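Asks: The residues making up each chain are set out below.
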Amino acid sequence: RIAEMAKVTQLIDNEVFRAYVTYATIILLKMMLMSCITAYYRIRRKAFANPEDVPFGKSENAKKFLRTDTDVERVRRSHLNDLENIVPFFGIGLLYALSGPELSTALLHFRIFAGARILHTIAYLTPLPQPGRGLSWAVGYVVTFSMAYKVLKTALYL
Amino acid sequence: RIAEMAKVTQLIDNEVFRAYVTYATIILLKMMLMSCITAYYRIRRKAFANPEDVPFGKSENAKKFLRTDTDVERVRRSHLNDLENIVPFFGIGLLYALSGPELSTALLHFRIFAGARILHTIAYLTPLPQPGRGLSWAVGYVVTFSMAYKVLKTALYL
Amino acid sequence: RIAEMAKVTQLIDNEVFRAYVTYATIILLKMMLMSCITAYYRIRRKAFANPEDVPFGKSENAKKFLRTDTDVERVRRSHLNDLENIVPFFGIGLLYALSGPELSTALLHFRIFAGARILHTIAYLTPLPQPGRGLSWAVGYVVTFSMAYKVLKTALYL
Numbered sequence: 001r002i003a004e005m006a007k008v009t010q011l012i013d014n015e016v017f018r019a020y021v022t023y024a025t026i027i028l029l030k031m032m033l034m035s036c037i038t039a040y041y042r043i044r045r046k047a048f049a050n051p052e053d054v055p056f057g058k059s060e061n062a063k064k065f066l067r068t069d070t071d072v073e074r075v076r077r078s079h080l081n082d083l084e085n086i087v088p089f090f091g092i093g094l095l096y097a098l099s100g101p102e103l104s105t106a107l108l109h110f111r112i113f114a115g116a117r118i119l120h121t122i123a124y125l126t127p128l129p130q131p132g133r134g135l136s137w138a139v140g141y142v143v144t145f146s147m148a149y150k151v152l153k154t155a156l157y158l
Numbered sequence: 159r160i161a162e163m164a165k166v167t168q169l170i171d172n173e174v175f176r177a178y179v180t181y182a183t184i185i186l187l188k189m190m191l192m193s194c195i196t197a198y199y200r201i202r203r204k205a206f207a208n209p210e211d212v213p214f215g216k217s218e219n220a221k222k223f224l225r226t227d228t229d230v231e232r233v234r235r236s237h238l239n240d241l242e243n244i245v246p247f248f249g250i251g252l253l254y255a256l257s258g259p260e261l262s263t264a265l266l267h268f269r270i271f272a273g274a275r276i277l278h279t280i281a282y283l284t285p286l287p288q289p290g291r292g293l294s295w296a297v298g299y300v301v302t303f304s305m306a307y308k309v310l311k312t313a314l315y316l
Numbered sequence: 317r318i319a320e321m322a323k324v325t326q327l328i329d330n331e332v333f334r335a336y337v338t339y340a341t342i343i344l345l346k347m348m349l350m351s352c353i354t355a356y357y358r359i360r361r362k363a364f365a366n367p368e369d370v371p372f373g374k375s376e377n378a379k380k381f382l383r384t385d386t387d388v389e390r391v392r393r394s395h396l397n398d399l400e401n402i403v404p405f406f407g408i409g410l411l412y413a414l415s416g417p418e419l420s421t422a423l424l425h426f427r428i429f430a431g432a433r434i435l436h437t438i439a440y441l442t443p444l445p446q447p448g449r450g451l452s453w454a455v456g457y458v459v460t461f462s463m464a465y466k467v468l469k470t471a472l473y474l
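Protein chains in written order, with my numbering: chain A, 1 to 158; chain B, 159 to 316; chain C, 317 to 474.
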């Protein structure tokens with residue numbers, strides 16, 4: 001059983017894989033943070049999606065808090081944009097980490113992507129004037145394509 | 159080729175990894191079920207998103223069925239909440255399973271998460287009064303953070 | 317370090333895993349393409365979600381371009397449907413590729429899923445009359461269930 005466990009954990013001993021694990025975890029935690037920011041704005045703006053969520057007043061009264069709010073919707077769009085971009089990064093990044101890239105090249109990809117997505121969230125929520133958000137989105141997008149290119153070059157089997 | 163296959167499948171022989179595989183698959187299947195529940199409510203409530211989906215009446219008539227319905231929107235929010243929470247569980251959980259946790263600890267994490275998300279769906283669709291849904295969401299969230307902590311403690315490479 | 321890297325990259329030498337990597341990457345890239353199609357329609361239809369995104373006119377003027385457009389919303393629903401279906405495929409497919417299926421069976425699953433999702437996007441955006449889109453959705457759904465069945469049969473550990 002110990003030998004078996006050793007085989008499984010050998011993946012986590014590889015430096016490229018550890019770098020992937022670190023940045024993938026950080027960026028997934030960042031995405032999870034969006035749920036808390038949404039909840040914060042829903043309470044502060046008193047704008048809820050479900051009648052049972054309204055924390056004050058009678059149920060008669062609750063209906064007027066079932067509304068959309070521009071700030072809440074902004075956070076939700078930012079969260080959905082994370083899903084649309086971090087899911088491909090997680091998936092393609094995992095396959096990339098297994099395709100044997102140079103450590104320095106891999107670190108460059110992971111760091112730029114993580115930085116770009118953190119900037120994207122800041123640009124979305126502040127909001128910063130364009131093209132701030134657009135550029136940070138594009139940088140993450142190009143990094144993911146670059147990893148996909150390496151993956152397909154290494155592993156293509158149609 | 160058989161030796162090669164043996165190396166790949168050795169991952170699936172590890173008990174922690176098998177436990178991860180089992181619970182990750184169950185919870186992804188639960189998420190997929192939301193598509194069917196949405197379709198069921200769309201047909202029952204006659205509330206469709208696309209003109210070509212309306213299964214009755216002429217195209218003139220179809221327009222009045224292009225509407226939102228509170229029950230359909232509730233199922234859709236539940237589905238999106240699954241995406242927002244099950245994606246991080248799948249990703250962080252995979253890295254956690256590779257980081258060599260104790261089998262009993264890992265099983266505890268996977269079972270609590272799967273149970274919490276099933277309760278979350280029941281609480282959302284019934285709907286149960288708060289804080290039922292809020293608590294089930296928070297439990298799944300904390301479990302994912304706990305796994306992320308173990309992952310970063312084991313593999314951190316910035 | 318070279319021996320270590322060899323162990324990590326042995327996964328990518330396995331034919332089933334290479335097939336998975338290829339189709340998973342292709343289908344994630346297809347999903348990423350939806351972001352560009354959304355941006356294209358937002359600019360063409362002059363329908364934006366954020367005031368800072370409106371690329372013309374004064375900020376006074378910008379408000380009238382903050383609107384929803386049926387074509388933009390159609391692309392967005394198609395993108396969300398991709399997320400709802402490609403995330404389970406990526407996750408369950410990864411576990412399936414590690415569960416030691418026959419190469420020919422695995423290729424059949426991956427090819428049918430990728431084809432079905434490409435047809436789904438074409439059917440959604442054209443739009444083609446139903447049941448074109450419904451069938452292509454169902455085919456991808458059944459393929460994912462079939463892989464989940466194999467995964468649970470191989471690895472079940474509750």
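Treat the hints as calculated values from the structure; they're not laboratory data.
Keep in mind that a hint or two might mislead.
The calculated lysine-lysine pairs, modelled on DSS-like cross-linking and capped at a C-alpha distance of 27 Å, are [as the list claims (entries may be wrong)]:
#1 B/LYS222 <-> A/LYS64
#2 C/LYS380 <-> B/LYS221
#3 B/LYS188 <-> B/LYS311
#4 A/LYS46 <-> C/LYS380
Pairwise CB distance ranges (calculated) [as the list claims (entries may be wrong)]:
#5 C/ILE359 <-> A/LEU103: 17 to 25 Å
#6 C/THR384 <-> B/SER262: 49 to 57 Å
#7 A/THR105 <-> C/LEU451: 40 to 48 Å
#8 C/PRO443 <-> A/GLN130: 28 to 36 Å
On a predicted model such as this, the values are computed, not experimentally measured, just so you know.
In this text, a Cβ means the ideal position worked out from N, Cα and C, and glycines have one as well.
Asks: Name the hints, by number, that the structure is in violation of.
Replies: Structure breaks hints 3, 5.
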